[in-house]
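> Starting from the given sequences, assemble the full structure and let the hints guide the process.
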Amino acid sequence: MGTATVEPQIESRVHYLNVSYGIKSWLLTTDHKRIALLYLASITFFFFVGGAAAVLMRLNLITPEGAIVEPATYNKLFSMHGIIMVFLFLIPSIPAVLGNFLVPMMIGARDLAFPRINLLSWYVFMAGGLLILYSIITGGVNTGWTFYTPLSTTYSNTNVITAALGVFIAGFSSILTGLNFVVTIHKMRAPGMTWFKMPLFLWAMYATSIIQILGTPVLAISLTLVALERLFHVGVFDPAVGGDPVLFQHLFWFYSHPAVYIMILPSMGVISELVTAFSKKRIFGYSFIAFSSVAIAVISFLVWGHHMFVAGQSIYAGLVFSLLSFAVAIPSAIKVFNWTATLYKGSVSYDAPMLYAIGFIGLFTMGGLTGLFLATLAVDVHVHGTYFVIAHFHYIMVGGAVMGYLGGIHYWWPKISGRLYPEGWARLSAAIIFVGFNLTFFPQYVLGYLGMPRRYAVYPPEFQVLNVMSSAGASILGVGYLIPLVYLAWSMRYGPVAGPNPWGAKGLEWQTPSPPPTENFEETPIVTEEAYAYGTEETQVA
Amino acid sequence: MAGHVVPKKLYILVFAALIVFTALTTGVAFIDLGKWNTVAALAIAVCKGSLVALFFMHLRWSSGLMRIVLLAAFMWFAILVSLTLADEFTRQWTPVPSSWQAQIQQNIR
Amino acid sequence: MHSSTVALAEQFDDLDQQHEASSLGMWVFLATEIMFFGGLFTAYILFRNFYLPGFEAGSRLLNVRIGAINTAILLCSSLTMALAVRAAQMAKKGVLITFLLLTLLLGVTFVAIKLGLEWRHDYLEGFAPGVHWTFNGPDWRHIELFFVFYFFLTGIHALHMVIGVGILTVLIILAARGRFSSPERYNAVEVAGLYWHFVDIVWIFLYPLLYLIGGRY
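Chains as they are written, first to last, in our numbering: chain D, 24 to 565; chain H, 1287 to 1395; chain R, 5 to 221.
Hints are not guaranteed to be accurate.
Okay, derived cross-link-like pairs now, DSS-like style, lysine-lysine, Cα gap no bigger than 30 Å in a straight line [as the list claims (entries may be wrong)]: (1) H:1294 / R:96; (2) D:220 / D:304; (3) R:97 / H:1295.
Chain R stretches covered by chain H per the calculated footprint, using a threshold of three residues with CB under 8 Å from any CB of chain H [stated by the list, open to error]: (4) 41-51; (5) 208-220.
Keep in mind that the hints were calculated from the coordinates and are not lab data.
Glycine included, C-beta positions come from ideal geometry on N, C-alpha and C.
Written as C-alpha cells, this is what we have:
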C-alpha cells in the first residue's frame, strides 16, 4: 500500500459503483453509467487487438521485401486492423462510453429513455465483436474492412461471411445506441434545458445518432447482399451476368462515409467541452457550432462518391460528389475557428485534457485540409489508393477522434471513478502520443504523394527510409497508449479522491457527487443559465 | 392517458379504401398505359401507404416530430436512390475510345 | 392511481413522457427499417431500369392472383391490428386478445402462402436462383436477376413478418395474463402495431413493384 490513504467518504457514500457488487449486478445492470464502463472495457480490449495488428503491419513494412509476413497474411492483417478499429473501436468509442455515461447527466435525467435496450446494445456489440474475432482466429478475412466486390463475393477464400455477419451485428448495436440518444434528448431534458441551453457535446451526440440511425441499415443490407451472393452465387455484383460491382461500393459508402462522421462528431463535441472548461470561457459561436454539427450530419450523406472517383463511376457524378465534398468541409472549419476564438483571451490551463484538445485542433485541421486535396478530382486520381489517403484519415481518426476520446476520458475520469489521475504522467503520455503520432503518419503523406500504394506488403526500396520512420513512430505511439492504461487503472484505487467538480467546470454533470449516485441527481435539476456560463459567477472548485 | 381512440367506423372505411385501391392497381396493370403504368402503380402504392400511416399508425393525431422522422427516412432513401442512379445512368455519357467500343458492345448482353 | 404508478418506468417523470418516448423510439426504429429495405429497393430500381424486358418477363411469371390475395390478407391484418390497439386503449381484454389472434393468424397465413405456395412453386419450376435454376430461354440471365430480387425482397419481408408474429405471440400471452388491464398500459400494443403496419406498408410497395410491372397486357 502506498502512502495515500483511501478517504472514508468515498466508501461510506452510496454511488453507482458500490451500490451493488458481483458479476450479475454488472452483467444485468440497466444503469447507463455501468453500461458505459462495460463498453469501456470492451472497446479498450478491441483497441489493443486492432493495435496489435497495426504493430505487425508496421514491423513488416520495415523492409521493402516485407520483413515478417507473406502478402497473403499482410492482407489479413490490414483487414483485421480496419474492421476492428472502425467497427469495434472508433464507432462505439465516444458514443457508447462517454455518451452513455454523460447524456443523461448532461440533460439532468435519471437514465436514458430505454435502459434495457442500452444493455441489449452492449450484448449485441459483444456478439458482433466476438464473431469478428472468431472469423479472425479461424483464418481471417483479406478483403479489407471495405469488403469490395467481386473479391468478397467471388474470389476470396477467407471468412468473408463470418466477418460480414459480425460487422452486421455490431452495426445493430450502433443503431440501438443512436435510437436511445435521439429519444432521450428529445423527450427527457430537465425543466429549463431548452435545445440551445444544452452543452454542445449533446448536439454532437444528437447529430451522430442521426447518422447512426439513417446510415447503418444500408451497411447492413450491403453486407447481407455480399453474404447472399457468396452463398448462392446469384450475381447482383457480377458483371458476367449483368450485375454491377460498383453498386456494392455505392451501398457500402453510403453508410461508410457518414460513418467517419460518426467517428469524429462526438470527438468534436468533447473538444467543445474541453476548450471551454480549460479556458474558463464561454464558447464562441454556440449556435454556429450546434448547427454545424447537424449540417455535418446531413451533408455527410451527400458525398460518398468521393471514395469512388476512380472506380468506374460516372465523371458527372464525380463532379457532383467532389463539389459536395468541398461543402462538407465548411461546417468543420467553422468549428475550428470557433474553438480557436474561444481560446483567445481565455484563462488557459494546460492540463492533460487540454493538451489533447489542442492537439486535436491542430491535427484535425491538417487531416481535414488534406481531405480537400482528396476531394479534388484531379488530385485524387493520383493519390487514391496510396498512403496519402491513409495519412489523411489517420490524422482525423487518430489525431482527431482518438485524441478527443482520450481528452474526454481524462476530463471526466474524476466523475466516472471518483478519483484524480496523476497529472504528470497524463501530460507525459499526451506528449508521447503527439510525437509518436506525427512521426508515424506524417511520413505517410510523403509516401503517398510519391506513389506508394496502400494495402501492399512490399514496396520499392526508395521508400524505405520513410517507412522506417513511420514504424519507429508507431512504436512510440504504442508506448504512449499503454501508459494511460496503467495509471488510469492505478488511480481507481490509489488516486486522490475527487470532489464533485475538480475542474471548476460548468455543466449539470459537475453538480452531482463523484462518482454519481445511481439516479444521478438527488432531485431533478432546474436549468436557468446557458451552457458554459463562465465569468457570470464564482465557480467553486471542490 | 390512452392516446387518441379512433372510431371503429373510420378504421373500416380506411380498410375498404385500401381494398379498392388494391383492386384498382391490379386492374390497371392489365391495361396498356406505357410508362404511365409504373407511375400509376407507384402513385396508388403511395396513397395506400399514406392511408395506413395516417390512420392505422395514428400519424394524423401524432406530434409533428414523428411525422418528421418518417419524412426524414424517405428523404434519405431518396438521396440514396438519386445519387446512386445519377452515377449508374450517366456512365454511358462519357465517350469511350472507338477501339474499346467493339469490346464493350460484346460484353453487354 | 395505483395501476398508473406501477406502469411508469423509473427513468420517466410521467406516463405521457413514457408513451411519447416509446412511440418516438419505434418510429425511429422504423426509419432504420426504411433505410434497410431502401438499399434493396435501390438495387432493384437500378437493375429494373437496365434490364426492363428481362424483369418484365420475370414479373409475368409470378401469380398475380395469389399476390393480390396475399395483399388483401395483409391489409386485413392491419385492420385487425388497429382494432387490437383500440381494444388495448379501452382495456377490453377479450376483444384485444381476439384481434391479436386474428392478426397473428392472418400473418401466418400470409407467410404460409408466400413460402409454402409461391416459393415452393418457383423452386419446383426451376426458378430459384443459386438453388434450382433451370430456365434457359431468352434473357434468362436478367430473369434470374429478377428472381434474385424477388426472393431477397419477399424473403426479408417474410422474416420481418415472422418476427412480427413472434411479437404478437408475446403480446397475446401478456394480455391473457392481464398485463393490459388499464388503458394507461396500452403503449406496448400500439408500438407493436406500428411495427406491424410498417411491414404491411413495405408489402404495399413490394406488390406492385414485383407483380404488376410485367407489362401484362
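> Take a quick look at whether residue 220 of chain D and residue 304 of chain D sit within 30 Å of each other, Cα to Cα.
holds (15 Å)
> Please check whether the segment 41-51 of chain R has three or more residues whose CB lies within less than 8 Å of a CB on chain H.
Holds, because 6 residues of the segment 41-51 of chain R bring their Cβ atoms closer than 8 Å to Cβ atoms of chain H.
> Need the status of pair residue 1294 of chain H, residue 96 of chain R: alpha-carbon distance at most 30 Å?
holds (14 Å)
> Quick one, are residue 97 of chain R and residue 1295 of chain H close enough, alpha carbons at most 30 Å?
holds (20 Å)
> Please verify the coverage claim for the segment 208-220 of chain R: does it have three or more residues whose C-beta sits within 8 Å of some C-beta in chain H?
holds (count 11)
Checked against the numbered hints above, the structure breaks none of them.
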